[in-house]
Amino acid sequence: MLNISEPFQNKAKLISRRMFVLSAIQMSVFTIIVLRLFYLQISENLKYRSLSDRNRLREWKTVPRRGIIRDYFGTQIADNTQVFQLHMIPEDVKNLENVFFKLSRIIDFNDAKRKSLIKRIKKRKAWEPVIVSDNLTWPEFSRLNLFLHEIEGVKPVVSMARKYLNDGSSPHILGYVADTSVKDLKDNEFLREINVPGLKTGKNGLEKSLNNMIIGKPGLQRFEVNAYGKRIKELKFIEGKPGKDFKTTLDYEVQKFSTEQLKDRSGAVCVMDIYTGDIISLVSVPTYDPNKFVLGITNKEWQELITDSKKPLINKSIAGLYPPGSTIKPIVALSALENDIVNTKFAVECRGSIEKYGQIYHCWKEKGHGYMNLRSAIKQSCDVYFYEVARRLGIDRLAETCKKFGLGEKVLENFFEEKKGVVPNTEWKLKNIGKNWFIGETLISGIGQGYFQSTPLQLCLMISQLANGGHKIKPRIIDDKYAVQSTINAWRDEFVSRANNSNSTNTTLPKLYDNKENIKFALDALYGATNEPRGTSYRSRLTKPEYVYAGKTGTSQVRTISQEERELKLKTHDIEYQKRDHSLFVAFAPYKKPRYGISVVIEHGGAGSAVAAPIAKKIIKKVLDRHKLRSKYQLDLYQDI
Amino acid sequence: MLSRNFISGRISFLDKVLSLDYFLIFLILLLGIISFFAMYSTESGNFSYYTKSHIYRFSVFFLLFILLSFFKIQFWKKNSYIFYTFVLSLLICVYFFGVTSSGSKRWINLFIFNLQPSELMKISLIVFLARYYSKRPTHTVSKFTSLLIPLIALIIPVFLVLNQPDLGTALLIAIGGLIVIWLAGVKIKYFMFSIVTLVCSLPLVIAFLKPYQKLRILTFLNPERDPLGAGYQIIQSKIAIGSGGFFGKGFLQGSQSYLDYLPEKHTDFIFTLFSEEFGFIGSVLLLVIYILIIYKIISIGNSSKDNFAKLFCFGFAASFFVYVTVNMMMVLGLLPIVGAPLPVMSYGGSSMLSIMIGFAIVMSSKITKS
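Chains A and B, in that order, give the protein sequences. In our numbering, each number is its position in the first sequence, counted from 1, plus 245. Just so it is clear: in the second sequence, position 330 is 324 by our numbering, and no numbers are missing.
Listed below are the simulated EDC-like cross-link pairs for lysine to aspartate or glutamate, each with C-alpha atoms no more than 16 angstroms apart in a straight line:
id, chain 1, residue 1, chain 2, residue 2
1, B, 232, A, 289
2, A, 448, A, 662
3, A, 555, A, 509
4, A, 462, A, 484
5, A, 258, B, 300
6, A, 837, A, 769
7, A, 489, A, 724
8, A, 838, A, 769
9, B, 232, B, 258
10, B, 243, A, 298
11, A, 590, A, 769
12, A, 556, A, 546
13, A, 448, A, 432
14, A, 863, A, 505
15, B, 232, A, 298
16, A, 478, B, 254
17, A, 475, B, 254
18, A, 475, A, 373
Bear in mind the hints are in silico, worked out from the structure with no lab data behind them.
Model the full structure from these sequences, guided by the hints.
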């Protein structure tokens, strides 16, 4: 008995000993588990909590309503309209091809759309909605709603889209919106912050320069979603803020009218209030339909637009560069007078050409003008006279005056497409071309040729600042009542002092002249150019007293005319389109009580007097006709000026 | 008379009732109640199928446990080989007539419920080995002849289960068996040799692993390699546990679970759900309950004078420990994901039955010794 129980006793001890070892192992494993729990739940808690929230919470941003752009009279030139869209949440779709097939039966969904959609789906997160179709017709939309239960993962949405008045009168100045691109996001931090799928952004024109204010603030919906992406409950809803509405100084009627006048041509028209700088019209032709960009332009249409030799996409009024030609002559005359180079009696005999420094410089009038003084030289636009004036004045002094009047620098703010143009001087040439200035170049600069480059808006500003008596103005498109008040008050003071004929210059308006008489002289010469026989725009004059205006034609050469060609006496329509002269005209109206400045540029239109002036005449009449209505919309402050 | 002999033995029924380990019963009941709440939470606070079924199973098997506790320990000892043979034959039945679900053939259809014999094998192997070694003197156990039978008894079911395929259960069966063999006094050097052999043959083993098993091991080593595929479970489980924090998100507030980010939350990942909702404090408390249960079983084994009872208690305690820790370490990302339920907490009848039989044998050794 003892023999048997002895080993058993030992065995029990052995088992217990081994169990003790096991227990030690157990305790250490439990310790590891507790430490692991501590690490995950306490040390790393923050990390896992945020990961859990990232699982659990999903945010949807809602596209804000874009601000409306109105003209001066309240016409909504850029509005929003209801569109019917179809969205899809890819992760809810089990079988894409199946859904595509069903969709193709219900809506216009072809192979090209299918491919682009698949491409977009791949780029996005599976739970982010993609837009399958952004502009469904009502029948499509209602049919879709009818069959909705058969198609998984898609959602019909009523959304807003930009809508422009599509007579094509203002696409350039307004610009257009389109899908936000990667580049847009890179360039604009604000956009990065608020970006939402389906958000449209301004690509150019006002839409771009006002973008950050007009776009609004997207709303936010925060949902709790389950592992399959299904929304379980809404946790938070922040309503978006619609974008700011803007009122412009533009007159939509004038925009339309100007566009019609320039039909089938290529060029630009600018009309401006010479006191406040309000831009009444800013037109560039040919135009295009900006609405096409909103919902995605087709490749074919896009190709047509960018290959058109008349460059419809470019806003020629601020981005088209033209030599100012003879339109600059009043400024040349003013510069010469201000610098005491010549007086108004200074006479030059024009024989149709002049030889200087071994080179023949031609006047536009082959037979010559005969003896000219400063006034008649402006009136008849005598080139030979201005060669001489420029020669005596020198390019640097001329350039200074031109810059004062707004040439060579941007007129507007925040228009990335606007061009600066060129006002050449000796320094400029050395810096940009690397050569010394030739005296011969001064001569052709005197008639606004050579290196001179200006935009139609600059020319309009130039004539406006001359017409208002030689004061600097700040052109504006967005109407801001408060900002304009100080300008109006300053003008009011100016008029009071003018009425009193006092020479005291206590006005706060920046002055662009030294002697008031010089400005008066230039304006009077311009009167002659339009309203006296032999004036270059005499044929385009308006005779009714209230319409009488004064203006200066310009014909700017786009190439050097050879001697042979000169002898051939080619007519404009005989010359190849691309080689024809640009036709320019600047004017202010009415002459007696000036209010508006205008510039018209017709690309390759021929002589200024023949093409641009007659068009300008009609537009001036239209603008003056609308003046009464416009003044009703203006503050009382305006009435005095 | 017969029943009297088996059920009450020499001592009176009342004595038996009094000598039950009430603390252990309390702990098991507590665990059961916690599991009801956890199960209720897996269904997002709906008292529906899983919760009902879990409560029903727990109640039935708990009563069975109490009933079986009154059996004398000699009953188990006598019938241990029969028990083992019976479960083994069930496993063979599975091989031929088993019910296949999600790619593996593990169940026998008993019409009332599907029985998973591999779970029962966990306990019956321990019973078998405890019985086998209980009478063998220490110096003989390391002999080749006396090692042969236990190894065969271990390898046959392990291979049958591996073949289902069910790596997790097979491993748990093997580990449970090996622990008993070790406790019985087999020389440590044998274990050393086998470990060396295993490590050497590891490449061969890997070659035989199923692709999904290889994937699991790779995923364990780096869950981020396929966050939406194979690594999904473990990543989501860690997020759930980690986001629980110290106090947890609160009962029924576990977003990872009620939003279905958590896979298999009823079964293998029930601890994750519990840990998310009750936090560090809750998890540690649950762990303490398990430790106390293990401690209770060991102490019953310690005070038992019968070698069979001792071996079984220790073997069962060690296996129970392995079940608990393997499951927890798995969901905590410390071990690869192998199917291993958390005793009592996880949904699953066979596992519950097996554990309750184990508790019953432990309890009967307590009663018998007094």
